[in-house]
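Chemist: Based on the sequences and whatever the hints tell you, model everything.
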Amino acid sequence: MSDGVELPPHRFAGLVAPAMDRVFVAGMLAGREGGGAELSQRYGGPAATGFLVEFRTRLAAPGGTVTAAGFTAVTRYRDPATCQRALDKQVAHGMIHRRPDGAFSATDRGGAFLAEIYQVHGEVTEELWAGHDERVLRLVETLGRLLAYALVVVEENDDTAPSEAFRAMAPPYEPDGTPPGVLLLNRLGTLRYHRSDAHAAAWTAAGHTAASVSTLPDGPERLAIEQETDRRAAGPYTVLAPDERLAMLADLAALPG
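Going from the sequence shown to our numbering is simple: count from 1 and add 3.
Do not take every clue at face value.
What the hints assert, rightly or not - Each pair of labels, with its calculated beta carbon distance range:
hint: 1; residue 1: 181; residue 2: 68; range: 14 to 24 Å
hint: 2; residue 1: 223; residue 2: 28; range: 21 to 31 Å
hint: 3; residue 1: 112; residue 2: 182; range: 18 to 28 Å
hint: 4; residue 1: 260; residue 2: 80; range: 20 to 30 Å
hint: 5; residue 1: 148; residue 2: 25; range: 13 to 23 Å
hint: 6; residue 1: 111; residue 2: 226; range: 43 to 53 Å
hint: 7; residue 1: 212; residue 2: 181; range: 31 to 41 Å
Keep in mind the hints are simulated off the structure, nothing from the lab. Here the structure is a predicted model, which means the values were calculated and not measured. Glycine included, every Cβ here is placed at the ideal spot set by N, Cα and C.
Modeler: Following this line, the structure appears as structure tokens:
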């Protein structure tokens with residue numbers, strides 16, 4: 004297969020994004036329905052735990068901190084005032100500690116919740132993807148390579164790779180003994196923010212804001228933004244050979260959810 008003709012990285016970036024979204028969302032929904040919602044209620048409900056779950060790949064790590072810029076980037080399509088009020092509530096619940104500069108981390112109580120949510124995700128992904136052990140392990144390995152590349156590019160400050168949301172989430176916290184299903188879920192979730200940053204850079208370059216691009220109708224302008232997003236998001240996929248790109252698509256498509 005010719006890398007330059009049949010499935011170059013920028014084309015693959017556009018094809019793999021919805022496949023990654025589907026598997027990630029399936030895992031998160033299974034987590035909520037398989038014990039995550041009940042666990043959240045024990046700690047005060049979504050008003051107390053929402054951002055802990057969303058930022059778990061950073062906040063579960065010892066000393067893990069999300070910067071104010073990272074928080075803004077991850078929540079860029081939501082109302083800032085509403086997000087700040089929600090964060091205030093989680094601080095008030097004693098789940099999150101916020102510093103004067105706006106950065107925040109999990110409290111001891113928040114950390115205990117995160118340890119339990121990792122356990123829940125381990126149990127539900129084992130059930131959700133039962134019988135697909137080899138496929139899950141292949142995807143975990145592939146995603147590890149993609150994340151490693153993306154992290155190196157971020158550290159080198161490549162101007163084709165905007166990184167605020169990705170920096171807020173990467174690298175995902177993976178303590179010893181983390182089950183493969185959790186590795187897959189969290190690596191997928193983290194890499195999705197690489198594309199999110201690429202998309203933000205593409206619509207910013209086109210003169211849009213988060214609000215205006217959200218209401219942009221289908222047409223040539225939106226297509227151009229999506230194509231530019233694919234170009235900016237393509238970098239990590241250069242580490243995969245064409246047959247590995249096809250294998251990744253096939254493995255994602257085969258997973259239940």
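Chemist: Next step is simple, just say for each hint if it's right about the structure.
Modeler: We went through each hint and held it up to the structure:
1. Separation of residue 181 from residue 68 is about 20 Å and conforms to the stated range, judged on CB atoms against 14 to 24 Å.
2. Between residue 223 and residue 28 the Cβ separation comes to about 29 Å, which falls inside the hinted range of 21 to 31 Å.
3. The hinted window of 18 to 28 Å between residue 112 and residue 182 holds, with their beta carbons roughly 24 Å apart.
4. Distance hint for residue 260 and residue 80: a CB-CB separation of about 24 Å, consistent with the stated range 20 to 30 Å.
5. In this structure the hint that residue 148 and residue 25 lie 13 to 23 Å apart at CB holds, the actual value being about 21 Å.
6. Distance hint check for residue 111 and residue 226: the Cβ-Cβ separation is about 49 Å, which falls inside the suggested range of 43 to 53 Å.
7. Taken as a hint, the range 31 to 41 Å holds for the pair residue 212 and residue 181, whose Cβ atoms sit roughly 38 Å apart.
Taken one by one, the earlier hints all hold for this structure without exception.
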